[in-house]
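Please arrange chain X on chain B, whose structure you already have, making use of the hints.
These protein sequence lines are chains B and X, in that order. Residue numbering for the first sequence follows the working numbering, beginning at 1 and increasing consecutively. Residue numbering for the second sequence follows the working numbering, beginning at 135 and increasing consecutively.
Treat the hints as calculated values from the structure; they're not laboratory data. One or more hints might be untrue.
As the list claims (entries may be wrong) - Only pairs whose alpha carbons sit at most 30 Å apart, straight line, appear in this in silico DSSO-like list of lysine-lysine:
no.: 1; chain 1: X; residue 1: K172; chain 2: B; residue 2: K91
no.: 2; chain 1: B; residue 1: K55; chain 2: B; residue 2: K91
no.: 3; chain 1: B; residue 1: K41; chain 2: X; residue 2: K237
no.: 4; chain 1: B; residue 1: K41; chain 2: X; residue 2: K221
no.: 5; chain 1: X; residue 1: K280; chain 2: X; residue 2: K237
no.: 6; chain 1: B; residue 1: K55; chain 2: X; residue 2: K280
no.: 7; chain 1: B; residue 1: K41; chain 2: B; residue 2: K55
no.: 8; chain 1: B; residue 1: K115; chain 2: X; residue 2: K280
no.: 9; chain 1: B; residue 1: K115; chain 2: B; residue 2: K55
no.: 10; chain 1: X; residue 1: K280; chain 2: X; residue 2: K234
no.: 11; chain 1: B; residue 1: K115; chain 2: B; residue 2: K91
no.: 12; chain 1: X; residue 1: K258; chain 2: B; residue 2: K115
no.: 13; chain 1: X; residue 1: K258; chain 2: X; residue 2: K172
no.: 14; chain 1: X; residue 1: K221; chain 2: B; residue 2: K55
no.: 15; chain 1: X; residue 1: K258; chain 2: B; residue 2: K41
no.: 16; chain 1: X; residue 1: K172; chain 2: B; residue 2: K41
no.: 17; chain 1: X; residue 1: K237; chain 2: X; residue 2: K221
no.: 18; chain 1: B; residue 1: K41; chain 2: B; residue 2: K91
no.: 19; chain 1: X; residue 1: K258; chain 2: B; residue 2: K55
no.: 20; chain 1: X; residue 1: K280; chain 2: B; residue 2: K91
no.: 21; chain 1: X; residue 1: K258; chain 2: X; residue 2: K280
no.: 22; chain 1: X; residue 1: K221; chain 2: X; residue 2: K234
no.: 23; chain 1: B; residue 1: K41; chain 2: B; residue 2: K115
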Amino acid sequence: MNHTPKLGPLALLLTVISICLTIMSILSYTTAGADMRLAEKYADTVSERYALEIKGQELLESADAVISSGGVPAGFSVSDTDGREYFADLKEGDLNLRIGIRTDGSGDYEIISWKYEHDWVQDTRIGNLWSGND
Amino acid sequence: MKSRNHITAFYLEALLLIAVFICIILVLTNLFGAGIVKSGEAEALTGSVTLAQNACEMASASSDGDELYGWLNEEDNARIVEGDVFKVEARYDEDLSPDKDGKYILEISWEPEGGDGEGLVRNKVSVRLDGSDEPVYSLDTAVYLKEVRS
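In isolation and in its complexed conformation, chain B is listed as follows (with noise of 0.2 Å):
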């Protein structure tokens, strides 16, 4: 009787090999896709601060000779506080700069905000949770 040696196992062993090898190149390869884009984004994020920044700083400039000589600098508007309070909101995609500007009447002022912040809309659907209400 001749034993011939059996293809079987060595082939198995190859298949699994494979098919661990293949996953793994797959998930390494989109893992580095993904941290390309949040890197991607993050460069994008920070372009639109500072794209806004340079906004605000112009702003200030065409505001302060307007604060000097005692006038309602244009883009600002007055707070209903004391009418010495300015604020002027500046939008970049979906971020917002807030600037606050307080004046002493004697034409120098100080900047009392400089605020980002994203558009956010609270999201009030809470499917059948029970809102604590009743």
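Relative to chain B, chain X alone:
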């Protein structure tokens, strides 16, 4: 004779199996390599953005180009670049630490629009890797300087 034929068939099948396995390995190696390259690009971009952002904040805190140079020159890693516009070049290593032989090269300009140390100052920031002329990331910012009276 029949046994010899069986053994030959076995060796041929084993050879074919190993050849297919090697082809699969070659394709997967390319995929692994592409993943490593993309990961390296993501790391370079993230590092460049962080350095550019830090430089912009230093520019916002400076009142003139020399002060900006003072902020950037932490470990003798910065120099003033000669040219029409005041520019500072600083180098950082892969950990984003100041290093005069670092692979990240940051360039920031100080371009005042007014005189007498007051007015709008524009800053152009670019970060590139050592050995490359093309910037990985560029950023512009500005700061309005005004004498502060106490």
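Enumerated hints in conflict with the structure, sorted upward: Numbers 1, 5, 10 - these are the hints that the structure violates, sorted from lowest upward.
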